[in-house]
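Colleague: Spelled out from the first residue to the last, the chains are:
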Amino acid sequence: MTALALTINGRAYGPMDVRGDLTMNDFVREYLGMTGTKFGCGAAQCLSCAVIVDDPDGTSYTAPTCIVPAASFNGKAIRTVEGLAKNGELSALQKAFIEHFAFQCGYCTAGFLNESQVLLERLARKPIARVDLEKTIANALDGHLCRCTGYIKYHEAVREVILADPARYLAT
Amino acid sequence: MPGLAPLGLPEVAAKAHARNGVTGAMTHGFSRWAWSQATFSIAGEAWTADIDALAVRKGAGKFVRIDRTNVTFPPTDFNRIGTTYTSLCGTVVRIEIEPDTGALRVAKAYSVLECGKALLPEIVLGQAQGGFAMGVGYALLETLPLYEDGPGNGKWNLGQYLVARSSDLPLSTLEVEVLPPVEPDEKPKGMAEVVMIPVVPALLNAIFDATGHRFRSLPVTRTMLRKVIE
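As given, the protein sequences belong to chains A and B, one line each in that order. Read in order, the letters of the first sequence correspond to residues 1 to 172 in the numbering used here. Read in order, the letters of the second sequence correspond to residues 1001 to 1230 in the numbering used here.
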């Protein structure tokens, strides 16, 4: 057993004892009942299981949870798809996903939302030129696998959110 | 906690026999692109199901037919459904192959589809875009070889079985055209993955056009392309 204390969606969990070989995915889904985070390939290849990790310096990144021990998240602050909506209202990104039908079976959606959210926050800190937008979205989302949609609707939804607020995301 | 022991079929069957309860059921169904239907009176309640005959046996007794009401059969015209309800799809692709590496890029693509009345056009479009991605996967990436080193060894994952990623696809240049129904009152005909089927021959024909080589097995990998270009 090993000690685990972390922050998820702004709420503190632990310290508690967990098995050393307990994966972060099992911890979130089975211990906490937060099933928004999916279990896909179990080999960190599809990234449907990705959550957001918030670093103390204000930057964030996504990390797979399926083959990663829960204990390795000790002391960290993470966000899951359940944390994206605020006060019962979906985020701009979530609304855009719905408007664009940017999901079909929905299995990869949480991973795509988390990755796109990290991208939006990165652009808000460091805007990019309009001409680089499509390539930047493509690079950010490319690791995530989707078998239903052919990816186009995900990319269009993210692009729409960014273009709707150019002062925030794009450098002039 | 140990919980209760699993309830085995022999115990259930013994109890049903002891109580002279239902110990067997026989049904008859009929399908012609839709199922026959009938209503049966069971334990005083009307039960409608996709079957047209039902008989049950109680205890060790004989099978007894249960009278049916409201029986309906699908119209004989449905026999022609395979020819009249076909959704058609075609695809054109433009590809670029890098001679040094054999890397193939789908530069532009067009898929055209007629599926009758689209009940949810957004999903028809998404399915068409997803079908294109799957076609690219089948033509260029996905392979399931036989024998010991194949996926049957239980060790394969998405690291070996490569499906199309967004970077394999013409995200901004894939055009999908959904034609209006052939007849104004045409029923929804379904589409499923028909949108994936023409993508594969379109890619193979484009490869033939570019290299002069006709590939007879899938997938056509970068290495195979590089060899025929040499």
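In short, the hints are calculated from the structure, not lab data. Bear in mind that the values here come from a model prediction, so they are computed numbers and not experimental data. Take the hints with a grain of salt, since some may be wrong.
Unchecked claim - Stretches of chain A that chain B covers, calculated by requiring three or more beta carbons in the stretch to come under 8 angstroms of a beta carbon on chain B:
| id | segment |
| --- | --- |
| 1 | 38-47 |
| 2 | 65-71 |
| 3 | 127-141 |
As the list claims (entries may be wrong) - No farther apart than 30 angstroms at their CA atoms in a straight line, the calculated lysine-lysine pairs in the BS3-like style are these:
| id | chain 1 | residue 1 | chain 2 | residue 2 |
| --- | --- | --- | --- | --- |
| 4 | B | Lys1117 | A | Lys95 |
| 5 | A | Lys126 | A | Lys86 |
| 6 | A | Lys135 | B | Lys1108 |
| 7 | B | Lys1015 | B | Lys1108 |
| 8 | A | Lys135 | A | Lys95 |
| 9 | B | Lys1058 | B | Lys1015 |
Virtual Cβ for every residue (Gly too), placed ideally from N, Cα, C.
Colleague: State for each hint whether it applies.
Modeller: Evaluated hints:
no.: 1; hint: 38-47; in the structure: holds (count 5)
no.: 2; hint: 65-71; in the structure: violated (count 0)
no.: 3; hint: 127-141; in the structure: holds (count 3)
no.: 4; hint: Lys1117(B) with Lys95(A); in the structure: holds (27 angstroms)
no.: 5; hint: Lys126(A) with Lys86(A); in the structure: holds (24 angstroms)
no.: 6; hint: Lys135(A) with Lys1108(B); in the structure: holds (17 angstroms)
no.: 7; hint: Lys1015(B) with Lys1108(B); in the structure: violated (67 angstroms)
no.: 8; hint: Lys135(A) with Lys95(A); in the structure: holds (23 angstroms)
no.: 9; hint: Lys1058(B) with Lys1015(B); in the structure: holds (12 angstroms)
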